[in-house]
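Take a look at the letters that make up each chain.
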Amino acid sequence: MSLLDVRGLCLTLDRGHASHTIVDDLSFTLDRGESLAVVGESGSGKTQAALALLGLQAPALRARGSARFEGFELIGAAAAALRRVRGARIGFVFQDPATSLNPYLTVGAQIAEMLELHQGATRPAALAEARRLLDAVRIADAPRRLAQYPHEMSGGMRQRVMIAIALACRPQLLIADEPTTALDVTVQQQLITLLGDLRREFALALLLITHDLGVVAELCERTLVLYAGRMMETGATAHVLARPAHPYTQALLRARPRLDGDTRVPLYAIPGAPPRAGQAGGGCVFAPRCTQAMEVCVQLRPAAQGIGDARRACHLQATTP
Amino acid sequence: MNFLRHDRALSIAVVLLAVLLVFVVVGPWFSPYACDEIDFAGDWSAPPTLAGAHWFGTDSLGRDLFVRGLCGGRLSLLVGLASTLVSLLIGVLYGAVAGYVGGRLDTLMMRGVDVLYALPFMFFVIVLMVLFGRHLLLMFVAIGAVNWLDMARVVRGQTLALRRRDFVAAAQLSGLRDRDIILRHIVPNLASTVVVYAALTLPQVILIESFLSFLGLGVQEPATSWGALVNDGAREMETAPWSLLFPATLLTATLLLLNVIGERLRLRFARPATSEVR
Ligand SMILES: Nc1ncnc2c1ncn2[C@@H]1O[C@H](COP(=O)(O)OP(=O)(O)OP(=O)(O)O)[C@@H](O)[C@H]1O
Ligand SMILES: [Mg+2]
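The listed protein sequences derive, respectively, from chains E and Z. Just so we're on the same page, our numbering is the position in the first sequence counted from 1, plus 149. Just so we're on the same page, our numbering is the position in the second sequence counted from 1, plus 98.
Source of the hints: derived by calculation from the structure; they are not laboratory data. Built from N, CA and C at the ideal position, the CB exists for glycine as well. One or more hints might be untrue.
[Said to hold, decoys possible] Here are a few chain Z residues that face chain E, going by a calculated C-beta distance under 8 Å:
| id | residue |
| --- | --- |
| 1 | Val239 |
| 2 | Ala243 |
| 3 | Phe265 |
| 4 | Ala268 |
| 5 | Gln270 |
| 6 | Leu281 |
| 7 | His283 |
| 8 | Ala289 |
| 9 | Gln318 |
| 10 | Ala321 |
[As the list claims (entries may be wrong)] Reference listing, derived: stretches of chain E covered by chain Z, where coverage requires no fewer than 3 residues with Cβ under 8 Å from a Cβ of chain Z:
| id | segment |
| --- | --- |
| 11 | 240-252 |
| 12 | 262-271 |
[Stated by the list, open to error] With beta-carbon atoms standing in for the labels, derived distance ranges:
| id | chain 1 | residue 1 | chain 2 | residue 2 | range |
| --- | --- | --- | --- | --- | --- |
| 13 | E | Arg287 | Z | Arg262 | 53 to 59 Å |
| 14 | E | Ser151 | Z | Asp276 | 28 to 34 Å |
| 15 | E | Ala227 | Z | Asn357 | 50 to 56 Å |
| 16 | E | Ala227 | Z | Asp212 | 31 to 37 Å |
| 17 | Z | Val120 | E | Arg281 | 45 to 51 Å |
| 18 | Z | Leu214 | E | Ser151 | 26 to 32 Å |
| 19 | E | Glu367 | Z | Asp212 | 30 to 36 Å |
Turn these sequences into a full structure, and let the hints guide you.
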């Protein structure tokens, strides 16, 4: 049994009789200790899909489908049951460490809170464990740092604290939503290395949300490409990045800035804009921007198909095997 | 505490208020007279003398006005503090819950506040006093219970802004209950607003108590408060003006100091979100 088994996850925004689909029929699995990257443009529904796993998507959005974590159905689960999963079995790290920590509580108190809540630890025991956790995320001088407030720390250090909080109860799964986007490049690299190390030390499964394909290559064995709430392509990272089968993935890779590239050539941009919520027609959502679109693409929505882990939703594959 | 040094008006007001507080709290112990002690040796309504035994004279029953002024201050400040605490407690919890939960409950709760606002406030307190008798404790509760409305509105506005902050979402994703999120994450972030607002509420409440006592609905003899003393003094202000002047000065000075402190704190700490709801 996989650790996380998501089948047909849908998120819809219901406004009166109009209903917009934000995430459509998303399916993937994640085994223990495995890592999966979800990549996609801004607004493709990555964050909301991840939040929906813990029942915390935006209040206006309704989740359907199934997401089993260790066999336990998360979608539609009772609030009390979900609270026992949140933080304890599934850790979550946000994009912006500047705003995700409570400015009025010490770092120690915020880490300790998790252990007191989920493991019934006493404050001294929780603080001792918090010190070990700060060591684990490579924050030097842990005893002094525990007594500090978030504003006394740098952005990179705050994100380390967020990771320490997420890992406090030794979860099996860590969901990281663009954990390095708000940080500067050198700090980004340190955090990516740290996440890689922690995955091994804590035997973590990692669901990484990002639009940085470099991070994906470094951290994740598998990749899922999301566009306008729909899965375009998924498979082994090496495979997806080296030989992308879907035109969207190809375009995404072309649009990527390269250090060794010719700086005089303007950066490739995918023409057009993603559909706004509710605008997608009956065909492939990417068809209007696709350079290889065929007649069938506009009329019929391609089903995800493939062998084993490698799947893609594209009509091209049917015609050019 | 650094800001104290940079704000002359605030620091002067704080020092003066502290002196006044020390006098009011400690003074009566050092006075040769008790608060309700009648000096049979002296005159009734004796004028103030520096040489004599009664610095501020005596009232119509021959009680020392100096010590009565201080005792009255004890009670006025005590009522003020207790009622402010009551209104703080109710207002913060009510406002935080309404702002945090949002949606229909928020609408319902805030319309409730609007309705209460529409009730004539003094009338409300007077009805409470008549219904429950003139019990001191009840007066605390009555004033506090009516005075929490402003606090609830301000706190709700702040909470609405805090609710959207990432650390609240992070707390939810950590498995915290709403109750714990409100108490441990929202309320501490309200601290500066609440302190400012409490400092502005305190003089209001002292004034209400004085007003009630002036109407004869407040404290009962032989206990006294500044309002009651002003009431006593007003009755014989033609023959013994000092019996009005002394308590009235103490009351006014205290209110002035508290208002200055509250206003300076507001300028210093209040965030834009506070002015938005007002
Ligand atoms: N609070 C909300 N209420 C209603 N709809 C929302 C809300 N938040 C997001 N959405 C909808 O969900 C869609 C997906 O948003 P989401 O934040 O998941 O995108 P994302 O892929 O995480 O983007 P980014 O890379 O910018 O973080 C948005 O396009 C928007 O239409
Ligand atoms: Mg996002």
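- Task: Report the numbers of all earlier hints that the structure fails to satisfy, in ascending order.
- Result: 1, 2, 6, 9, 10, 13, 18, 19
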